[in-house]
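Since the structure of chain A is provided, determine the placement of chains B and C on it from the hints.
Chains as they are written, first to last, in the numbering used here: chain A, 393 to 707; chain B, 84 to 287; chain C, 48 to 395.
Pairwise CB distance ranges, derived in the manner of DEER restraints:
no., chain 1, residue 1, chain 2, residue 2, range
1, A, Glu621, C, Ala97, 44 to 52 Å
2, C, Ser85, A, Gly671, 30 to 38 Å
3, A, Val551, C, Thr68, 55 to 63 Å
Simulated pairs of lysine-lysine, DSS-like, Cα-Cα distance not exceeding 25 Å:
no., chain 1, residue 1, chain 2, residue 2
4, C, Lys365, B, Lys233
5, C, Lys258, A, Lys603
6, C, Lys79, C, Lys385
None of these hints come from the bench; they were simulated from the model.
For clarity, every value in this text was computed on a predicted model and none was experimentally measured.
Using N, Cα and C, we set each Cβ at its ideal position, and we do this for glycine too.
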Amino acid sequence: MTSLMLRVAEAESLTPLVKRFRFEHPRGESLPLFSGGAHVVVEMPDGDVLRRNAYSLISDPQDGSGYEIAVRREDGGRGGSRFMHARVRPGDLLRISLPLNLFALDLRARKHVLIAGGIGITPFVAQVRQLLRMQLPFELHYGARSRDEAAGLRLLPDVPHIHFHISDESNRMDLGAFLSAQPLGTHVYTCGPEGLINAVAQTGARLGWPKTALHSEVFQAPPPGRPFEVVLARSGRTIEVGAHQSLLEALEAAEVEIDWSCRGGACGRCETRVVSCHGRIEHHDHWLSEDEQSAQTRIMPCVSRFRGESLIIDR
Amino acid sequence: MRATEFSPSIPSRPVYGGLHPHGALPSLMLAEGAGGEALADLAQADPSVMRHAHLFYVPAGAATGPDLAVRLRALGPASYVEGPSYAALRPRFARALADAHMGTRLYLAGSEGLIGQAMAEALAAGLPLEAIDAEHRGGFARRVQCVHCKGITENVATDPFTCSHCGLNLFVRDHYSRRIGAFQGVCVDAETPGIVPEPQEIKP
Amino acid sequence: MTIRFNDETFRDDYSFRNSATAIRRFPFPFDKDDYMYSVNMEPHGTGGRAGSVFEKRFDVDEHYVAEMRDRAITLAGDPLRCQSLPHMELAGWDLLELIMQCKAEDYPDLFQLHRDGDRWHWINRPLGIEQRFTFLDPTTLPCGPMEYITRQAQGDFAVLDQRENNLWMDAGMVTSQADWSLDFDIGMNFFEWHAPVPKAAEMGIFQRALKFLLAIPQGAPSRRLNWTMTVNPRLDTSPENYHLWGPEKRTITPENVGAKQYLRVELQSFWRLPRSNALAFPIRCYLIALEDLVTVPKWARRLHRVIRDLPDELAEYKGFAVNRPIIIDYLAQFDDGKPTSPGIFPDD
Numbered sequence: 393m394t395s396l397m398l399r400v401a402e403a404e405s406l407t408p409l410v411k412r413f414r415f416e417h418p419r420g421e422s423l424p425l426f427s428g429g430a431h432v433v434v435e436m437p438d439g440d441v442l443r444r445n446a447y448s449l450i451s452d453p454q455d456g457s458g459y460e461i462a463v464r465r466e467d468g469g470r471g472g473s474r475f476m477h478a479r480v481r482p483g484d485l486l487r488i489s490l491p492l493n494l495f496a497l498d499l500r501a502r503k504h505v506l507i508a509g510g511i512g513i514t515p516f517v518a519q520v521r522q523l524l525r526m527q528l529p530f531e532l533h534y535g536a537r538s539r540d541e542a543a544g545l546r547l548l549p550d551v552p553h554i555h556f557h558i559s560d561e562s563n564r565m566d567l568g569a570f571l572s573a574q575p576l577g578t579h580v581y582t583c584g585p586e587g588l589i590n591a592v593a594q595t596g597a598r599l600g601w602p603k604t605a606l607h608s609e610v611f612q613a614p615p616p617g618r619p620f621e622v623v624l625a626r627s628g629r630t631i632e633v634g635a636h637q638s639l640l641e642a643l644e645a646a647e648v649e650i651d652w653s654c655r656g657g658a659c660g661r662c663e664t665r666v667v668s669c670h671g672r673i674e675h676h677d678h679w680l681s682e683d684e685q686s687a688q689t690r691i692m693p694c695v696s697r698f699r700g701e702s703l704i705i706d707r
Numbered sequence: 084m085r086a087t088e089f090s091p092s093i094p095s096r097p098v099y100g101g102l103h104p105h106g107a108l109p110s111l112m113l114a115e116g117a118g119g120e121a122l123a124d125l126a127q128a129d130p131s132v133m134r135h136a137h138l139f140y141v142p143a144g145a146a147t148g149p150d151l152a153v154r155l156r157a158l159g160p161a162s163y164v165e166g167p168s169y170a171a172l173r174p175r176f177a178r179a180l181a182d183a184h185m186g187t188r189l190y191l192a193g194s195e196g197l198i199g200q201a202m203a204e205a206l207a208a209g210l211p212l213e214a215i216d217a218e219h220r221g222g223f224a225r226r227v228q229c230v231h232c233k234g235i236t237e238n239v240a241t242d243p244f245t246c247s248h249c250g251l252n253l254f255v256r257d258h259y260s261r262r263i264g265a266f267q268g269v270c271v272d273a274e275t276p277g278i279v280p281e282p283q284e285i286k287p
Numbered sequence: 048m049t050i051r052f053n054d055e056t057f058r059d060d061y062s063f064r065n066s067a068t069a070i071r072r073f074p075f076p077f078d079k080d081d082y083m084y085s086v087n088m089e090p091h092g093t094g095g096r097a098g099s100v101f102e103k104r105f106d107v108d109e110h111y112v113a114e115m116r117d118r119a120i121t122l123a124g125d126p127l128r129c130q131s132l133p134h135m136e137l138a139g140w141d142l143l144e145l146i147m148q149c150k151a152e153d154y155p156d157l158f159q160l161h162r163d164g165d166r167w168h169w170i171n172r173p174l175g176i177e178q179r180f181t182f183l184d185p186t187t188l189p190c191g192p193m194e195y196i197t198r199q200a201q202g203d204f205a206v207l208d209q210r211e212n213n214l215w216m217d218a219g220m221v222t223s224q225a226d227w228s229l230d231f232d233i234g235m236n237f238f239e240w241h242a243p244v245p246k247a248a249e250m251g252i253f254q255r256a257l258k259f260l261l262a263i264p265q266g267a268p269s270r271r272l273n274w275t276m277t278v279n280p281r282l283d284t285s286p287e288n289y290h291l292w293g294p295e296k297r298t299i300t301p302e303n304v305g306a307k308q309y310l311r312v313e314l315q316s317f318w319r320l321p322r323s324n325a326l327a328f329p330i331r332c333y334l335i336a337l338e339d340l341v342t343v344p345k346w347a348r349r350l351h352r353v354i355r356d357l358p359d360e361l362a363e364y365k366g367f368a369v370n371r372p373i374i375i376d377y378l379a380q381f382d383d384g385k386p387t388s389p390g391i392f393p394d395d
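Bound-form chain A, shown alone (with noise of 0.2 Å):
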């Protein structure tokens, strides 16, 4: 796994919810450099633990002397941004990956128009800075319950061309106005709650705009479940599962060697065969085709889960 080890240079809160981070090479040395939309996985180590969580970066993808992201704690979560918020301080030192982008923007484009709901603003900080320093086209709008929950007023320019929208100002988004008169080429990207990418989906769909210019990105945590039990076919041994652990993560804390990056479902690193199968894969991936997903014979372990008899995978 390509990651370096990284200094926590500052921390500090956006809003009550929602802490920015920047880390920067012990050194000082110089980071890759990378483009709008891509994350990192930190690893937060807790206890006997080792959480990673994906986390879009925020700031300039030109700018190598660090990194920065923005973490909005979430009380009901499994814990990964508990632990960020309570316990990273400044000088300490985080395990970060390497730079990838599974949400880049589409280059041809003639305009982008980029829709953030919440937290799903910060994909979009970066994007923004790429959209300015290449002088292309672009609006953003950026909703949010209230002036509280909006991280993103502190992170974005102040140019006309992005739009806030508070609900509790009345001031809520049209997304049939966004996506109308835009200009052939047009690109639609929408980061945020899944509510808000399914309206966005279907306004899309109603005005005849076609799927491969809408671009989403659900920020997605491995989904809780009940707990399973899985067979190892290489060493014959069985792990658990437990409910708020991913298969991925139950792997890893039993020492087997699996590649990943996004862990999110999304960049098809951990892709596991499925050596035979007793019930149901709760496919939760965006990675697998559709009839991979029905066949069964193939499982993404950072968000899929199984219910049935037995599940044994070729790790």
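Just chains B and C, lined up with the frame of chain A:
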């Protein structure tokens, strides 16, 4: 005449899925010759497609004649433009593309050469490939680019054929470029100059 | 480490020659006695086997200066061999940075790169080039960034845009290709530009290869070897000029096959580019005459078995079916039937 069914080929060879109504969305329609019948069929399946349609028609070929043009105009498109050839219509078609917005559909019907050229124009204007419906009607002649001199020969009916620009004997590959809107022609007697197979009629 | 650059040609009188060192380090592509398409990817990067073509990230060898001269001749006759769709300019800068940085680090006696913010100063000693320019400002270079740097780097280069879970051939410098046309294929996706390859689509190998390539991360390039056969040490075996070089393919005789028939190996590597998220796909071409190749007994035995047992349609696709019987007869005299050791490197 029905839509053509082509024999299976390689993944770069275009397949034309036929025209399917997408309702009263804004649209551009472009047909040539017998392709006009595909537009008439489309309007019959769903008359609302004509409400916001800008229709371009090349009434090529005596077989279709003026009757089809009259029928198309009577379908009540938002606008109707007729031209003697695609080359003649192209500037007005290009202007309509420049004025179009996302959500616009493009319906193309006619020969492979017409579909290929109009599709290349639309893609270059930013229209997504998925917003285009195409239906093949008419003959099977191909538009072929000579890989050597880069000249394009229209209406190639046999394989091999003689490049209308450089005169080389070319065989017609199924390899197709959407950007150029043409099949690839490659010298058939490059290794054995003068030994050229008997030309065969190109079939679907 | 200093390289002596050959004064040689890849056309007309074909004065190209491999030195004894070049023969020993030739990237023989077969790790066993038979061949079928496979994804056969392995990690690429610094720390490859010492002395081999895998040692450096962008191998520079004795043919460097002559290959760059041959590329310039090809481009002068057909500028369309180098093209970049408008959205690929950023990827071109990424590629320029990658190659300049790797060459300056791996061959400090040949190349130097001095960076002061966006003010860059590049020195290429073998080609006698010194250039000061502003990074990301194309007007400060004599041509686009991709063309500029690939006129100074051996091998073809394709730069692939990544979108819609596919890769798109949207830019490239292609002057030593194995019979495909960048001008025709530019803008095509992975499946479209591979469409003419027989059998592979049905084997599902392209699906697997594409998935692997889409997931290539920054900082972890990969490589594979591909191969074909060429008559004469000719780099420009383009379809564009097929009518000019095609007749040479029919000049192979039992007497000249060892000298005129070349094994052509592509060292393909794959690099995620940082700013553009594009994938750089360098295709480095190595040529070796059969009479030089058979000086390594393991390679002689194995090449004979591979060529003899290859399915007909592959020989046809790779374009040497017409000469295959003569090649097999020639190689057979060096195959005593003894077993060969695994792997691609010579035994001693």
